[in-house]
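Letter by letter, the chains look like this.
Number of protein chains: 2
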Amino acid sequence: MVRLQGVTPMAAGLTISGLAGAGGVGVETIRYYQRRGLLAEPRRPHGSGMAGGIRRYGAEDVRRLRFIRSAQAAGFTLGEIAELLALDAGQDRQRARELAETRIGAIDAEIAKLQQAREALRRMAGACASTQDGPCPILTAFDG
Amino acid sequence: MVRLQGVTPMAAGLTISGLAGAGGVGVETIRYYQRRGLLAEPRRPHGSGMAGGIRRYGAEDVRRLRFIRSAQAAGFTLGEIAELLALDAGQDRQRARELAETRIGAIDAEIAKLQQAREALRRMAGACASTQDGPCPILTAFDG
DNA sequence: CTTGCAACCGTACCATGGTACGGCCCCTAG
DNA sequence: CTAGGGGCCGTACCATGGTACGGTTGCAAG
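Same order as they appear, the protein sequences are chains P and Y.
Numbered by the UniProt record's numbering, the letters in the first sequence go through residues 1 to 144 in order.
Numbered by the UniProt record's numbering, the letters in the second sequence go through residues 1 to 144 in order.
Keep in mind that a hint or two might mislead.
Derived CB-CB ranges, DEER-like [stated by the list, open to error]:
(1) A86/Y / D143/P: 17 to 23 Å
(2) G105/Y / A82/P: 30 to 36 Å
(3) G53/Y / G75/P: 41 to 47 Å
Covered stretches of chain Y, as calculated for chain P (at least 3 residues, CB under 8 Å) [said to hold, decoys possible]:
(4) 65 to 76
(5) 93 to 103
(6) 107 to 117
What the hints contain is simulated information worked out from the structure, not anything from laboratory work.
Heads up, the beta-carbon is just placed ideally off N, CA and C, and yes, glycines get one too.
Make a model of the complete structure from these sequences and hints.
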């Protein structure tokens with residue numbers, strides 16, 4: 001029987017590639033996040049005599065992983081995300097709000113910049129469309 | 001007399017640091033753009049016997065530099081910007097429009113993503129503000 | 001003409017966020 | 001029992017967009 005990626009018959013939890021699949025990332029990315037301290041490295045089973053077993057991951061890990069991806073989409077760096085994850089278990093609501101609001105401000109600024117850029121691009125496309133000959137004045141599209 | 005940065009009495013053009021100042025970037029960044037082919041390296045004066053003079057830059061260079069910064073703000077990579085600059089002198093309006101419109105699409109998608117993220121952050125800040133005790137459920141802010 | 005700042009040049013290094021490689025170990029199907 | 005695919009690990013490498021360093025000229029004021 002061909003085992004599907006990371007799917008084990010036993011409900012013992014996901015392997016690393018199962019976790020990766022669940023989060024839509026590569027195995028190496030998981031390991032990278034572990035090195036960065038964003039994801040835990042579960043204990044390897046049976047002893048530790050220079051050869052443990054295979055680590056298993058659960059729903060909690062999947063949630064953390066998904067959170068990481070979402071927070072990244074919100075523009076947080078991995079360092080900031082590490083802080084958020086640490087905060088999640090703790091009591092420092094003040095700090096959490098601070099991070100959130102700083103990021104909201106940055107996002108607003110970024111959206112504004114993108115809208116400016118969008119306008120400039122529309123002008124550029126327009127200028128290139130409106131005349132038929134001669135060079136297209138791309139350089140001036142972003143003037144003003 | 002103390003020469004101001006890059007300002008020469010003669011109207012012979014800007015030095016590299018004058019150009020950098022005009023574009024709001026560092027000298028090393030100018031040199032980097034030159035290596036990347038985004039800015040020209042003007043001929044050095046008197047001969048070339050293993051020791052030219054000092055390069056001079058003009059208004060055209062300043063415009064290109066400002067364009068580069070604006071285009072970067074619009075999310076173009078330096079590679080794409082190089083293409084735009086090449087296009088500017090040429091006739092390929094089709095290609096120019098194509099680049100512009102592709103970028104506009106990407107910008108729209110990015111804005112949408114940022115707005116989603118902004119919402120999530122607002123929820124997170126709200127959740128952290130609305131209760132006084134227990135851990136703040138940051139992980140769930142990005143759910144859904 | 002000395003002194004000293006700038007320009008010039010090649011090359012090395014940085015941060016970010018991964019991605020790849022090679023060697024070894026474990027585990028299970030066939 | 002053996003082969004093969006994954007897991008595990010350290011370490012190297014990649015792209016992007018710069019930033020820094022060290023040594024050599026240029027050049028202009030004092």
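So, going through the hints one by one against the coordinates:
no. : hint                       : result
1   : A86/Y / D143/P: 17 to 23 Å : holds, 19 Å
2   : G105/Y / A82/P: 30 to 36 Å : holds, 33 Å
3   : G53/Y / G75/P: 41 to 47 Å  : holds, 46 Å
4   : 65 to 76                   : holds (count 7)
5   : 93 to 103                  : holds (count 6)
6   : 107 to 117                 : holds (count 9)
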